[in-house]
Amino acid sequence: MEDRQLPEELERIEQELIDRPSLRPPDDLRERVSDAVRAELQRKRPGDRWAFAAAVAAAVVVWINLSLSATQATDCRLSWGDRPLAVEAAARQIRELLPEVSDREAMRQAILLQSGSNLAWCPNPVGRPLLTKSFNR
Amino acid sequence: MNDPGNDPLLRGLAAGDSRAFAALYDRFGERLFRSAMAMLGQTADAEDAVQEVFVALVRSRKRLGDVRDLTAYLFTALRRAAAQQAARRAREPTACRAVEAAAARESRPAADDPRGERLESALSALPPEQREVIALKIDGQLTFAQIGQAMGVSINTAASRYRYALEKLRASLAAAECSPRKQEDRPIFAEKDPQQSPTRE
Chain E
0 MEDRQLPEEL ERIEQELIDR PSLRPPDDLR ERVSDAVRAE LQRKRPGDRW AFAAAVAAAV
60 VVWINLSLSA TQATDCRLSW GDRPLAVEAA ARQIRELLPE VSDREAMRQA ILLQSGSNLA
120 WCPNPVGRPL LTKSFNR
Chain C
0 MNDPGNDPLL RGLAAGDSRA FAALYDRFGE RLFRSAMAML GQTADAEDAV QEVFVALVRS
60 RKRLGDVRDL TAYLFTALRR AAAQQAARRA REPTACRAVE AAAARESRPA ADDPRGERLE
120 SALSALPPEQ REVIALKIDG QLTFAQIGQA MGVSINTAAS RYRYALEKLR ASLAAAECSP
180 RKQEDRPIFA EKDPQQSPTR E
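Sequences listed follow chains E and C, in order.
Heads up, the first sequence is in numbering that gives the first Met the number 0, so the first residue is 0 and it goes up one at a time.
Heads up, the second sequence is in numbering that gives the first Met the number 0, so the first residue is 0 and it goes up one at a time.
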C-alpha cells in the first residue's frame, strides 16, 4: 500500500513538505512531560477506592443470594428415611383430608405435628395476667 | 492486567516505570510534537497535546497488552488530545485567539523562499481531515495502515485523503503563483470582520 506511485508533480509537493523547516520540540518539554508522568503515576485515583468498595459490595450480595438459595434447596437432613410410623400415618391422613397438598408438604406438616407432640408438658397458667385484668376494668 | 508481550518498552510502560515513559518520549517525542504542530499550529497547544498523550498513556497503561501497534496507538491518542485542545481553544474569546495566532505565526520557523511561505499558507487552508493526514504522514512518518488505524478509516481512505490533500496543495500553489498576494500581510481580524470585504486591498 505504501508503494503506490504518485504523479511526479505530487511527489515534488510531498518532497517539499518533507523538506520544509519545522519546529523542534522545546528542550523543556521532555522535563515537563516527565514531571507530568511522574505526578500521574503517584496520584492515587479516588475511583480505585470506589471500585474496590463496589466489588466488595457485589461479592457480599452474591454471597447472600447463594446462601439463601442453598438454604431453600437443603432439607437440613430431616430424618426423612427412618421416620416413625405415626408420622407416615399422619401424613397419609393429611393427604386424604387435603388432596391438593403435595406429598412433601403433607410430610412436613406431619413431622411438625409429631415434634409438637414430643414437647415436654408445662403447667398451664391459671387465671389472667395482671395487666389484662387491669385493662378489662 | 493484560500481557504486554515481549516488548521491554511496553512491559515498562505497563508496569508504570517512569524510565520507560522517558524512553518513549525520546523515541516518539519529536514526531508527536511536529504532528501536533501541523494539526494545531501553535507551540503551546502542541506541547499541551503531547503532554496529554503521555498522561493518557499512564492512565491507560493497564490496557497496553491489547495494543498491537504502539505508534498507531500514540498517534490516535495525539489526534484525540489535539481535538480536545482545539475545542478548548475555540471556547476562548476571539481576541485572545487572534493574539495567540499572531504569536504562533511569529514563532514558526520562516520559510526560506516565497514558495515555502505559500506552501505553509496552502497547508493551513486545507480541510482538517486532510491537514491531519498530512500531519500524520509527513510529520509523524506513519504508514497508511497506521494512519487508517489512528483516524478510524481504511487504508485506502487514508491514502485517498493524502492524495486529495496533495492535489489541493498543488492547486492552491498554482493559484497563489498566479496572484502573489501574501496571506500573512492580512490583518489578523480580517477573517472575522464582516464589514471588511475579502477582496479589498
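These are computed hints drawn from the structure, not numbers from a lab.
A quick note: this is a predicted structure, and the numbers were derived from the prediction, not measured.
Positions of the beta carbon are idealized from the N, C-alpha and C atoms, including for glycine.
Misleading hints may appear alongside valid ones.
Some chain C residues judged to face chain E by a derived CB distance under 10 Å, without partners named [stated by the list, open to error]:
(1) ARG60
(2) THR75
(3) GLU91
(4) GLU128
Distance windows between CB atoms, simulated [as the list claims (entries may be wrong)]:
(5) ASN155(C) <-> PRO25(E): 16 to 26 Å
(6) ARG42(E) <-> ARG114(C): 19 to 29 Å
(7) ARG18(C) <-> TRP62(E): 39 to 49 Å
Unsatisfied constraints (hint numbers, rising): 2, 3, 4, 5 and 6
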